[in-house]
Amino acid sequence: MNDNIILEVKNLNTRFDTPDGEVAAANEISFTLKKGESLGVVGESGSGKTQIFMALMGLLAKNGKTTGEAIFKGQNILGLPVTELNKVRGVSLSMIFQDPMTSLNPYLKVSRQMTEVLIEHQGMSQKEALEKSIEMLELVGIPEARKRVHMYPHEFSGGMRQRVMIAIALLCEPNLLIADEPTTALDVTIQAQILDLLHDLKDKLGMSIVMITHDLGVIASMCDHVMVMYGGRVVETGSVQALFSDAKHPYTRGLLQSMPRIDGDHNEDLYAIPGQPPNLQALPQGCAFQPRCQYATDLCQQERPPTTEFDAGRTASCHQLSSAFHTSSPVKKNPVHVVEGVL
Amino acid sequence: MSVNVKVPILTVDNLKVHFPVDTGTFFTKNKTLKAVDGVSFQLHEGETLSVVGESGCGKSTLGRAVLQLLHNTDGQVVWMGQSITGHSVKEMRPLRKQMQIIFQDPLASLDPRMTIGEIIAEPLVTHHPELAGKAVRYRVREMMDIVGLLPRMINRYPHEFSGGQCQRIGIARAMILQPRVIVCDEPVSALDVSIQAQIINLLGELQQKFGLSLLFISHDLSIVRHISHRVMVLYLGNVMEIADKDDLYNSPKHPYTQALISAVPAPDPAVRKKRVVLKGDLPSPIDPPSGCVFRTRCLYADEQCSQKKPDLVDCSTSGLNRRHQVACYKIETIDD
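Chains as they are written, first to last, in the numbering used here: chain A, 1 to 343; chain B, 1 to 336.
Because the hints were derived from the structure by calculation, they are not lab data. Built from N, CA and C at the ideal position, the CB exists for glycine as well. Accuracy of the hints is not assured; some may be wrong.
With a straight-line cut-off of 27 Å between C-alpha atoms, the simulated DSS-like cross-links for lysine-lysine are [what the hints assert, rightly or not]:
id	chain 1	residue 1	chain 2	residue 2
1	A	62	A	34
2	A	132	B	279
3	B	279	A	202
4	B	31	B	90
For the chain B half of the interface with chain A, some residues (derived, Cβ under 10 Å), not all of them [to be verified]:
id	residue
5	197
6	263
7	267
Make a model of the complete structure from these sequences and hints.
Spelled out as structure tokens, the structure:
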């Protein structure tokens, strides 16, 4: 095995048992991540992007189960018992969440929430752990860290709380940081601060980052590779340059065109993908994107598309890859009237 | 789209909204939170004026005060030549037909126990009690069709719809009285990217069809660039800069506007630009900095900035009767 590969996920499937039957949140997910690289995972709400990584962290809801393999530093971490898993997560594998207020414990001082990690995982004394915590808060740019470490989460602003979350995740200097929409709840000026911080830390500590987001701007400015998810499946992967300059899947193209751009053309209507994101409980037959796709044919409605590999790490799953739309320029104009899908 | 510059449909002059804040002790004087502190603008017919700023800058408060859903502490709101400042609920009612609002959270702003037919019809029934049930339902179906909802869904409940569809219901409810102004308070920020585009296009379409004026409140500068004619940048309840869209985005004058625009990551890996990253957080509006409220995070601030609040001054380089106004002492020294 290549030493450079830090995480290799093979054929991961995540299912939830619900009163309305089984829901397949993530299907046949496979990818690899190298040391020091950052991977962006894009998709709309309900595309299964978060569940893949919740499964890796052993944080799925009680009715969820996972199959497949996830080799992290040579060890399969899927299905490990909690005691074994605790030796990995929080130590060499960390995660930060979208909402910093709900993921910090409001009853405990920041100092307690930080030193706890070090005492548990690295056997430090209280005093050493506190020093290390203060050092980490300084690293993520919290002013007066020595004073503020003794405060409660509500005494910090949103951006500061997110920094505290990042500091906690980085305490044990993980090899892989999973960031689930880390800046979605923040203002743009604070988002810029946090993205710069993650970028610096990635270089400084040589860690790999998985960035889960729906914001293509964040992906473009942060990531080396991108994985696009739709309806619980990966529809396209590639390097960030390839994906943004030459998107192969109609969904990726639609997504790129439907983003209002601060630097682009502003007098035309935005391209809007018609219809709604699919409900995972009632996925359409064949390709999940087919009801919203303007290139869909009978084949798309019957069979799930195969995954075509163009290059190492450059894939797309679509029946129409060879058809006309790839040579013609993408459609700009909207369908005249968007009538929403059947309910 | 032509904008009629002559007739301002809405004029806001030196609007202030202050809230008393209980400091919790008997002996100290209660403080005031200055959510909006002296904002002036005009909204013309068929125009979209966007209000941008970070959370806590007072943009939603401004939207509500303009509609007199909140009473302002000082200043004037003038609706087509007539002051509506301090109007009672009863006095406002006839005017409400012409001014409506769309909220951020599409599902929370719809009553879960009403069918969407009832929700959309409610303003119509309130303001036109003389209309027969059949006529009301006809109008509701017509409006549902205009906003892209299937009229046969008229008897369904809000929970049966997705976020984007709920926002369409909210828009139909606001549109049914054919208002002249709609305040849109972050109408797309809770929606997925592909749905956002649908709703923005819908608002644009409705504006063209009915000659609506929109006061569009948002924190997303890319969307604002797409939808607006003019943009107003708000910081701690104060206007930092107001200008035509292209002037503002192509040559922002105020250091805050410059930082805001540069902070937006472009969806293009080829332009990993160097960002102007502001230090620190928004100060508390209970204790705003003296002088220019932005000076604590400003790269160019000096002694002068802490003395007196800068006035909005005209700095148009082009344009005939549109103005590009900036509140900053340092515009001469800052390059674009």
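For each hint, the structure was consulted:
no.	hint	in the structure
1	A:62 to A:34	violated (31 Å)
2	A:132 to B:279	holds (24 Å)
3	B:279 to A:202	holds (21 Å)
4	B:31 to B:90	violated (31 Å)
5	197	holds (4 Å)
6	263	holds (4 Å)
7	267	holds (4 Å)
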